[in-house]
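If you follow the hints, you should be able to join the two separate chains into one complex; please do so.
Chains as they are written, first to last, in our numbering: chain A, 1 to 117; chain B, 1001 to 1116.
Worth flagging that the hints you see were computed from the coordinates, not collected in a lab.
Backbone N, C-alpha and C define an ideal beta-carbon position, used for all residues, glycine too.
Covered, in the sense of this in silico footprint (three residues per stretch, anywhere, with C-beta under 8 Å from a C-beta of chain A), are these stretches of chain B:
#1 1040 to 1049
#2 1107 to 1114
Residues of chain A placed beyond 10 Å of chain B at every Cβ, according to the derived structure:
#3 Pro8
#4 Lys14
#5 Thr17
#6 Lys20
#7 Glu52
#8 Tyr58
#9 Val62
#10 Glu63
#11 Lys64
#12 Leu68
#13 Ser73
#14 Thr82
#15 Pro86
#16 Glu87
#17 Arg99
#18 Val116
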Amino acid sequence: GAVVSQHPSWVICKSGTSVKIECRSLDFQATTMFWYRQFPKQSLMLMATSNEGSKATYEQGVEKDKFLINHASLTLSTLTVTSAHPEDSSFYICSAEDRAKNTGELFFGEGSRLTVL
Amino acid sequence: AQSVTQLDSHVSVSEGTPVLLRCNYSSSYSPSLFWYVQHPNKGLQLLLKYTSAATLVKGINGFEAEFKKSETSFHLTKPSAHMSDAAEYFCVVSRGMNTGFQKLVFGTGTRLLVSP
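Excised from the complex, chain B in its bound form (with noise of 0.2 Å):
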């Protein structure tokens, strides 16, 4: 079965530096894996995908991803942070076989907290 780990509930950064936030999968066979951005009193929103082809990934707002295998991570990076980056941000994997976007399994998500 899939399973995400997000190995920090919160992380902290002033504005301008960089943000590396963690995350590690399991996985039977090769995974789909994605990161959703939730802002307060907002849906969430696809930050980027990875499913098998570059293993490093670019999102919008100039965050990107790097899928590793050997370590079965897939952090989430972005040189320098902006205050407007402060949100709630989940990793998510794809469950089963050629299921695409469908069949989610959500990490728990990392607060990301923004400073002056």
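Pulled out of the complex, with its shape left as it was, chain A reads as follows (with noise of 0.2 Å):
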């Protein structure tokens, strides 16, 4: 129990166009989700939290029209990197809270890396 899942689990674009990462809750409700970002040999840096329903909440540096956080249902969010340029080239990872079991423990998806060209 308690999987979660991104997809794709790596992708390519060219630089303008934009990238749609999805995060799921195989077999539990999330009522928070969490968006990190981690470069090579580098930590997970966390970018925003995403709540079911309502807006996401960003950290501080990270553009939220860059990076579209949906979370539409409980079993999903979103991240939509817009316009993207090399420098988004990263490995983003995403993780979930089972809002039944209500320990606060995260559940990590297994990460998407980008590469914009």
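Written out as structure tokens, the structure is:
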């Protein structure tokens, strides 16, 4: 149980295009999901907190118009990188909290590697 | 502000020998500390957590960690490495009081290599 799946696991796109990454909780409902970004050989950095049915909360320094987050259902959050540029190339990871268990424990997806040419 | 430092980017051990992955933290107040493991192409999995209860914390797969306030350390250990332990390990501290698991600050990770 408590599986979080991300899609796609990797994507290559041209500069200027937009890319959508999905994060799904497969066997539980997630009121809250989190999006992280990881540069090579660096830490995971929290980008934003996604709450079902409301606007995402972005961390300081993260452009909300560039990284659009939508959490329209209790099992799905999406991250859209708009007008992508090479500096947006990174590994994006999501995590989710199991609403029913209410332990605060987070379950992580496998990550999505974005390469912008 | 909270931060964690993982002192080794890579650790190599032989199967059957002890594992030690080092982590030092910095926190303005009593932190919650965690170790996560990430196997290739898999999500991060919680190994163990410290939340101000017992200082010696036992986790899954035979791992344990000891919270030492005087040394600001939370090193991860295992008596005997197994080939399946080869993975990336992250030391993590919670950010902000009463945030539980949510506002996490990650270390840079330590890659554990296990040779036969």
